[in-house]
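Engineer: The lines below spell out each chain.
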Amino acid sequence: MKADKNVLIFLLSSIGLIVFPHVYHIPATVFGFFCLLLAWRFIGIWNQHWLPNKPVIFLLAVCGMALLYSQHQGIFGRDAGTNLFITALGLKLLEIKKERDLYLISYLAFIVAASQFLYEQNILMAAYILLVCCLLLATLVCINSCKAQTLAALKTAAIIIVQALPIAVALFILFPRVDAPRWMVFNQQRHDRMGLSDSMEPGSISDLGVSEELVFRVKFAGAIPPQRQRYWRGPVLSRTDGKRWTQAAFYEPLSSPVVTGTAYQYTLLMEPQDKNWVFALDMPKEFSPSLSLNAAYQLITLESPDKRAEYKVTSYTDYNTGLINRSEYKAATQLPGEPSDKIKQLVSRLHGFDSPPDNFIKQLLNHFRVEDFHYTLTPPVMEENPIESFLFNTRYGFCSHYASAFVYLMRVAHIPARVVTGYQGGELNKVGDFLEIRQADAHAWAEVWLESRGWVRVDPTAAIAPERIERDISVDRQFVYGIAGENSQAYNWLKQARQLWSSVDYNWQRWVINYNNKSQSKFLSSFGISDLKTMIYWMIIIIGSITAVLCWFLFYQKSKTTDQVLLSYNRFCKKLAKHGLFRGAGEGAKDFAERVKIKLPEQAADIDQITAVFINLRYGRTATGEDLQQLKALVGLFRA
Amino acid sequence: MNVKERFRLSRFVSGEKAVDTPVTLNHRRIFILPTQRGLGFVALIALLLLIAFVYNNNLAYLLTFLLASVFFITILHSYRSLSGLVVQKGRSKAVFAGEAAGFEIHINNPTDMERHHLQIKLQDSQSLTLQAQSSVHITLYSMTQRRGWHQAGTVTLFSTFPLGLFRAWSPIRFNLNVLVYPKPAHFEIAFPKAPSAQVQQGVSQQGADDFYGLQAYQPGDSIKHIHWKAFAKGLGVFSKKYGGEQSSEEIRLDYDDAPGHTVEERLSQLCRWVVDAEQAGLSYGFALPGLKLPPDNGLLHYRKCLEALALF
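In the order they appear, the protein sequences are chains A and B.
Sequential numbering from 0 applies to the first sequence in numbering that gives the first Met the number 0.
Sequential numbering from 0 applies to the second sequence in numbering that gives the first Met the number 0.
Hints are computed from structural coordinates only; laboratory data are not their basis.
Mixed in with the good hints, there may be bad ones.
As the list claims (entries may be wrong) - Cut-off 27 Å, straight-line C-alpha distance, at most; resulting in silico cross-link-like pairs (BS3-like, lysine-lysine):
hint	chain 1	residue 1	chain 2	residue 2
1	A	Lys596	A	Lys573
2	B	Lys3	A	Lys577
3	B	Lys92	B	Lys120
4	A	Lys429	A	Lys218
5	A	Lys517	A	Lys573
6	A	Lys146	B	Lys303
7	A	Lys306	A	Lys517
8	A	Lys97	B	Lys120
9	B	Lys228	B	Lys239
10	A	Lys274	A	Lys517
11	A	Lys573	B	Lys16
12	B	Lys303	B	Lys182
13	A	Lys306	A	Lys284
14	B	Lys16	A	Lys598
15	B	Lys120	B	Lys16
16	A	Lys96	B	Lys228
17	A	Lys361	A	Lys242
18	A	Lys574	B	Lys16
19	B	Lys291	B	Lys239
20	B	Lys223	B	Lys92
21	A	Lys574	A	Lys589
22	B	Lys223	A	Lys577
23	A	Lys574	A	Lys521
24	A	Lys97	A	Lys146
To be verified - Label pairs and their computed distance ranges (CB to CB):
hint	chain 1	residue 1	chain 2	residue 2	range
25	A	Asp3	B	His136	23 to 29 Å
26	B	Leu127	A	Asp607	36 to 42 Å
27	A	Asp607	B	Pro218	34 to 40 Å
28	B	Leu46	A	Thr375	53 to 59 Å
None of these values were measured; they are calculated from a predicted model.
Glycine included, C-beta positions come from ideal geometry on N, C-alpha and C.
Using the sequences and the hints given, assemble the complete structure.
Structural biologist: Here it is in structure tokens:
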């Protein structure tokens, strides 16, 4: 078979489009190899003799296998599988002999399209793949048409896809979801994701990258707490060597915190993470059973963090954690060595040694405020003695610098203190009424233990850059995007569009991407569908009714002939057809009448009359509206 | 149609009993089964489902379900590619054994939908695209082997439109019969001598094909003998006259005179004589055991003779 040129162009373009987004996911060599093969095949459409012959194809196949082998990924697993299918697809392209080959290629392309979803699951990718699948189906339509008409084929494919969508959605909702058994799950290579780490070294950072990547979303059941109380607690860092802050060993807390005040109920939708941290509002009290609270009051998930997950948490913003034990006290006052005289002088000048902790905190925050301290995302590097050089020399820094310096000075004054990292604030999406917390909202603050109040949060950054804490839009983002007047109309419009998009995306994540066996059983049980049997019944009922609607849509056809004369005469013919009398193709009305009269001699008069009136109406010059009425009446009365 | 007939397997392949009337394709006539490619598509869906399951990936699930749904919907579209068509038999012409008999079939599309890539098959398949509200006449050929009545068998209308995943087909049996004359013998053997014939000197007996001269056309002359070249040059209408014609004698083609070892060989030879005699414009009598036709010529006589040969 010589494949039609149009079909080939169609097929190759859609394959190019399908593989294209993989440019970010597969090794450049594999992608390059595929591009070479695709380009070769494209040229081959017009220059058939340039296509490789059998030995060359074999050589290319060996090259492909060598390429795959050199990636050291085996043949199972996401990356290896994707590479394998893309290489196979490329090689198969060069060997199109029969119609069957075209089909095989299309099927391979569908698999590659599906593999796209293993990397990206956003709404745009879904729409893109849907479009490309439409192109692929159009290719199949082209193959099955006499003449490949591009537009007509595209239209047919689009119609089929649109008609297929309702059943696909019904299947999606009702198809029972079961988690794959452990042995089937391939170990995936972890990809680096930005995020909080379990240590902090403010002195070594000269430029804090601000990423707009989403970390989690929060939907509150009731009121949303004010911005200055929205501290999302992450890892607590107590151990320091003067430069680097790390988590201390875990210890059991003395007592669970006593909570008072407003309870905030909310649902956290965490994006995939590397660490099993769940960022709850200070102080979480009630939470999903899959979570646990560690000794530093941080929520830890027991599930795998590399999937999107939803958690229900209740937090109270007023709390008292009570007493601490000896080991905790020791960790919270640990110093890397004897503090320098300069530091000691500063602490004593701020009455660190001779006044209650409350007072010292106030003095220190005031010191940050009145002295020449600056908030910046691009601080100078402070390799040696970062805390001292920050406090006395550079005085430029961001939250980590302030938090670590603050905690250090507290410890010098023998007040238990530690650094808490996490996220602060979050942007309210007014469309979907939820908070979005992005990497740019990452923050570090301090916690001080006071005898009567337990661990108390103190945010020294708030003293120096209150807008970082108070305002709806973070200053970081303003720095990054250089947006001057945030009230300008264009900005508002932009913000609204962004929020609308985020809201759509949130619902997409929540209802489509994150639809698992748990949410399925919850969703379905609200309709009274609780077990597998009813699920299957419902599946059959819904698919059956969609099919019925489709059938009606597809097969119900109103006769488009508006010619009343012809319609009446056709009705007459239909009556005769019941007696096995069919008007032949191209048989005139008169001849037909003669033939019929022989079979039905009793109705000869009627038949003659109807035929005469019909001929007059159709071909005569003197036909009137009355004649039509007469024909209608005659046909109506005619009994064969 | 009773239940037993309804479930007879032959309905799927060779169709219902032969009819003369037009056949409208409906749910009773149209059958649909997946093609090999369709089964491949099912395998693809299974593979995608496995991928979606292992990675617990909802969008992969969605794609899988979409393709499964497309597969399902295609059944309806396959049905629609044939439904509503009206198929009617047309005329057919008698042929000599060994030739392909042509059967005319009319397909009418009274609906508003264009039918892409409709295929129709008797022995070889032809494909066509039928516009909305239109009809088409096509001739299907069937090879004949033996003289006598030749039945065309089942005409199958099929389509793999739109995606090639399903084949919708409709086997239709019409009373498509054609008379097949015996195959004319290869050898030219002289006409048998009529016992009463007076042999004229100088005129060759077997020279029926010898060109003798031109003569002004007279009504009744065979159309084959018109000298078209002269007509094309504007010289008027002339008939070619052949040697044999000059003899006013009549020949008698008798079964008993035909050489041959078997009945078929004899019939074959007779057939050859009839064809030659008709072409030569001779007046020929015809005799088979149990049948005797007086000498005559012309299309009607010619057909009568050949029919008798075909059905002997």
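Engineer: Hints first: check each against the structure and report whether it holds.
Structural biologist: Going down the list of hints, with the structure as the test:
{"no.": "1", "hint": "A:Lys596 x A:Lys573", "result": "holds, 16 Å"}
{"no.": "2", "hint": "B:Lys3 x A:Lys577", "result": "holds, 24 Å"}
{"no.": "3", "hint": "B:Lys92 x B:Lys120", "result": "holds, 19 Å"}
{"no.": "4", "hint": "A:Lys429 x A:Lys218", "result": "holds, 11 Å"}
{"no.": "5", "hint": "A:Lys517 x A:Lys573", "result": "violated, 59 Å"}
{"no.": "6", "hint": "A:Lys146 x B:Lys303", "result": "violated, 47 Å"}
{"no.": "7", "hint": "A:Lys306 x A:Lys517", "result": "holds, 14 Å"}
{"no.": "8", "hint": "A:Lys97 x B:Lys120", "result": "holds, 21 Å"}
{"no.": "9", "hint": "B:Lys228 x B:Lys239", "result": "holds, 11 Å"}
{"no.": "10", "hint": "A:Lys274 x A:Lys517", "result": "holds, 22 Å"}
{"no.": "11", "hint": "A:Lys573 x B:Lys16", "result": "holds, 22 Å"}
{"no.": "12", "hint": "B:Lys303 x B:Lys182", "result": "holds, 16 Å"}
{"no.": "13", "hint": "A:Lys306 x A:Lys284", "result": "holds, 24 Å"}
{"no.": "14", "hint": "B:Lys16 x A:Lys598", "result": "holds, 23 Å"}
{"no.": "15", "hint": "B:Lys120 x B:Lys16", "result": "holds, 18 Å"}
{"no.": "16", "hint": "A:Lys96 x B:Lys228", "result": "violated, 50 Å"}
{"no.": "17", "hint": "A:Lys361 x A:Lys242", "result": "holds, 25 Å"}
{"no.": "18", "hint": "A:Lys574 x B:Lys16", "result": "holds, 23 Å"}
{"no.": "19", "hint": "B:Lys291 x B:Lys239", "result": "violated, 30 Å"}
{"no.": "20", "hint": "B:Lys223 x B:Lys92", "result": "holds, 19 Å"}
{"no.": "21", "hint": "A:Lys574 x A:Lys589", "result": "holds, 17 Å"}
{"no.": "22", "hint": "B:Lys223 x A:Lys577", "result": "violated, 47 Å"}
{"no.": "23", "hint": "A:Lys574 x A:Lys521", "result": "violated, 59 Å"}
{"no.": "24", "hint": "A:Lys97 x A:Lys146", "result": "holds, 17 Å"}
{"no.": "25", "hint": "A:Asp3 x B:His136: 23 to 29 Å", "result": "holds, 27 Å"}
{"no.": "26", "hint": "B:Leu127 x A:Asp607: 36 to 42 Å", "result": "holds, 39 Å"}
{"no.": "27", "hint": "A:Asp607 x B:Pro218: 34 to 40 Å", "result": "holds, 38 Å"}
{"no.": "28", "hint": "B:Leu46 x A:Thr375: 53 to 59 Å", "result": "holds, 54 Å"}
Checked against the numbered hints above, the structure breaks hints 5, 6, 16, 19, 22, 23 and satisfies the rest.
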